[in-house]
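Undergrad: One-letter residues, chain by chain:
Protein chains: 2
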Amino acid sequence: MTRGLNFSAGPSTLPEPALRQAQAELLDWRGTGASVAELSHRGAPFMALAAEIEADLRRLLDVPESHAVLFMQGGATLQQVLVPLNFAAPGQAAGYLVTGHWSKVAMKQARPYVDVREIASSEPGGFHGVPPRETWQVPADAAYVHVTGNETIHGVELPDVPDAGDIPVVMDVSSNIASRPMDFSRVGMAYAGAQKNLGPSGATVVIVHRDLLERAGQPRGDILVLKSHAAQGSMLNTPATFNWYLLGLCVRWMLDEGGTPEFARRNARKAALLYGAIDGSGGFYRNDVDAGVRSRMNVPFVLHDPGLDAAFLAESEALHMIGLKGHKAVGGMRASLYNAMPESGVQALVDFMRDFQARHG
Amino acid sequence: MTRGLNFSAGPSTLPEPALRQAQAELLDWRGTGASVAELSHRGAPFMALAAEIEADLRRLLDVPESHAVLFMQGGATLQQVLVPLNFAAPGQAAGYLVTGHWSKVAMKQARPYVDVREIASSEPGGFHGVPPRETWQVPADAAYVHVTGNETIHGVELPDVPDAGDIPVVMDVSSNIASRPMDFSRVGMAYAGAQKNLGPSGATVVIVHRDLLERAGQPRGDILVLKSHAAQGSMLNTPATFNWYLLGLCVRWMLDEGGTPEFARRNARKAALLYGAIDGSGGFYRNDVDAGVRSRMNVPFVLHDPGLDAAFLAESEALHMIGLKGHKAVGGMRASLYNAMPESGVQALVDFMRDFQARHG
Chain A
1 MTRGLNFSAG
11 PSTLPEPALR
21 QAQAELLDWR
31 GTGASVAELS
41 HRGAPFMALA
51 AEIEADLRRL
61 LDVPESHAVL
71 FMQGGATLQQ
81 VLVPLNFAAP
91 GQAAGYLVTG
101 HWSKVAMKQA
111 RPYVDVREIA
121 SSEPGGFHGV
131 PPRETWQVPA
141 DAAYVHVTGN
151 ETIHGVELPD
161 VPDAGDIPVV
171 MDVSSNIASR
181 PMDFSRVGMA
191 YAGAQKNLGP
201 SGATVVIVHR
211 DLLERAGQPR
221 GDILVLKSHA
231 AQGSMLNTPA
241 TFNWYLLGLC
251 VRWMLDEGGT
261 PEFARRNARK
271 AALLYGAIDG
281 SGGFYRNDVD
291 AGVRSRMNVP
301 FVLHDPGLDA
311 AFLAESEALH
321 MIGLKGHKAV
331 GGMRASLYNA
341 MPESGVQALV
351 DFMRDFQARH
361 G
Chain B
1 MTRGLNFSAG
11 PSTLPEPALR
21 QAQAELLDWR
31 GTGASVAELS
41 HRGAPFMALA
51 AEIEADLRRL
61 LDVPESHAVL
71 FMQGGATLQQ
81 VLVPLNFAAP
91 GQAAGYLVTG
101 HWSKVAMKQA
111 RPYVDVREIA
121 SSEPGGFHGV
131 PPRETWQVPA
141 DAAYVHVTGN
151 ETIHGVELPD
161 VPDAGDIPVV
171 MDVSSNIASR
181 PMDFSRVGMA
191 YAGAQKNLGP
201 SGATVVIVHR
211 DLLERAGQPR
221 GDILVLKSHA
231 AQGSMLNTPA
241 TFNWYLLGLC
251 VRWMLDEGGT
261 PEFARRNARK
271 AALLYGAIDG
281 SGGFYRNDVD
291 AGVRSRMNVP
301 FVLHDPGLDA
311 AFLAESEALH
321 MIGLKGHKAV
331 GGMRASLYNA
341 MPESGVQALV
351 DFMRDFQARH
361 G
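Chains as they are written, first to last, in our numbering: chain A, 1 to 361; chain B, 1 to 361.
To be clear, the hints were calculated from the coordinates, so they are not data collected in a lab.
Owing to the predicted nature of the structure, the values given are computational and were not obtained by experimental measurement.
Errors might be hidden in some of the hints.
No distinction is drawn between identical chains; accordingly, a pair holds when it is met within one copy or between any pair of copies.
[Unchecked claim] List of simulated lysine to any residue pairs, SDA-like, C-alpha gap at most 25 Å:
| hint | residue 1 | residue 2 |
| --- | --- | --- |
| 1 | K227 | G283 |
| 2 | K104 | Q232 |
| 3 | K108 | L255 |
| 4 | K108 | P219 |
| 5 | K328 | G43 |
Go ahead and model the full structure; you've got the sequences and the hints to work with.
TA: This is the structure in structure tokens:
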């Protein structure tokens, strides 16, 4: 078996030790005589696992006690509906910072519920940067300010949690959670589809200040009430148990490797390697994102001649490199460098890119 | 390794051949060099798999072309919110048949959106039967009639899809889908959390008449619009890929075993065996559900002396029988006899029950 080098944007590469453990115990987990996927979520073995995983994730991310941690289904997109439903009165203003495709999706999902106000946008400049904080027009009565921590398609990453004064910041951290230390005490809510840095798709992590859970929000079924999920330990209904478990194995691996400080160092080196190769190619490869906000997780780049795209993809695939095709919204290529992508993988990509340029430049 | 006999109500026992295949290919699926959990849902390999699974499920369940098949997240409970949001105008009447715990959950989730009308209820009789069709008070202007095909806690199963005239029937089939042939041409929508007969938790299957998808419904984010999920081939956002895949392996196994006609025969035999043992115990074990609507999937029973419950559970667990503790709402025991539970497993349970009675009777 040859494990490929998987640069997919999500679902994405998972740590091999986590997959090997899942494989070894897939039919008999912890001596229960059953797969973890076959056990009742309300039985003692799974309840113990759920508590372990929450403790591990809190440790990995340094989540303060002021915040609840939820394990849900539905992906980040469902959270983009739950945010206005839970935190805003019907029609209340809510501020949205626009830095790429996913910011716009968040606005679209929220529009039926709140008065969506674009507080600033980098769209006129082609999503190459982040509007400076001093230009943001935050409505004084906004229920919250929503920002996208990392734009997976446009390759733009916020350097930290922005300050919105007394207004809670809600942050989509799907694609950069756990990639570096983050100060979660400064977010009202952070949410993440797990399928990038945390584990498999079908698991969603929510970190939410308990005060926000007390807001009345809007009329809605109980399954859409974040406070109810928190009160039930994320077991308001049957959770996605196997995904939860596999996420737990990935979290444990990240702790074993040294936690977010270590991944911050690794990810900085990996990103420097790839952006260096792009910038040093004399224009053969190009990435136009502003230097200070280039994503360390998702590196979109174009070839100077799009006619070479097919050859680039075919040759990289022959070298067992997976998932380099760029998103259709921006074209070209994209390499996702999540925590489970080793530095050696990025080195192999860079070596291939130089070789490809030498032959096609 | 000893595989236990898993009588859990859900998540529940999965077919061993499906688990073994998942185990074998967990790190390299179909020669891709990656786990299926690591691949982009929009890449050719996973898209092909998704199409195969839909075709297999349509064949297994004999779903007519008039109906779309969706693979979603969030469980049956999320669907209980999507039903009124998608099919009813705000505050419109909707009929609910009450046959147990899960019927009431469905009503609770819908209440913020529609005028919930109980059309009939077996609650006064302790949920031991199904109110006769001729007693149902269906409002003429109801957007739909909701029924629970099988009550997992109270052990009550509808014998078939009820007739509500021109009003579409919406049916929760979480715990009896694929257990016997069902006429899906007669349902407006059927939905099922997969974690009973279809696969792992974290996957939800929806079978919905395409005409119903055209209803305006209520203002809502796009992620709550069933028509959008259908238009995007269940990839409106990142789906739970591994759960979808594992569900596919379970569906393939059911087809290989002979499909729903064969499972109908097996499930009838299994249920007859267990109910026979209960009814033949001279009152040592008891199930009070009306004979014609006893669930073939979930068999709740009580011991004549609740003081024996702890011994029953301890002894059965020592024999590697898992998940026999009844739901806290009804107490006693519950044995779930889903498709993946072999007849030999039910025989082993019945043998144990007779032995237990002989020693404690």
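Undergrad: Each hint should be assessed against the structure and marked as holding or not.
TA: To see whether the hints hold, each was checked on the structure:
For the homomeric pair K227 and G283, neither the shortest alpha-carbon distance inside one copy (51 Å) nor that between copies (44 Å) is at most 25 Å. Taking the closest pair of Cα atoms, K104 and Q232 come within 25 Å of each other only across two copies (18 Å); inside a single copy the shortest separation is 32 Å, beyond that limit. When the C-alpha separation of K108 and L255 is checked against a cutoff of 25 Å, the pair qualifies neither within a copy, at 36 Å, nor between copies, at 41 Å. In this assembly of identical chains, K108 and P219 lie within 25 Å of each other by CA distance both inside one copy and across copies; the values are 20 Å within and 12 Å between.
Within a single copy, K328 and G43 get their C-alpha atoms only as close as 45 Å, which misses the 25 Å cut-off; across copies the closest is 12 Å, which meets it.
The structure is inconsistent with the numbered hints 1, 3, although it conforms to all the rest.
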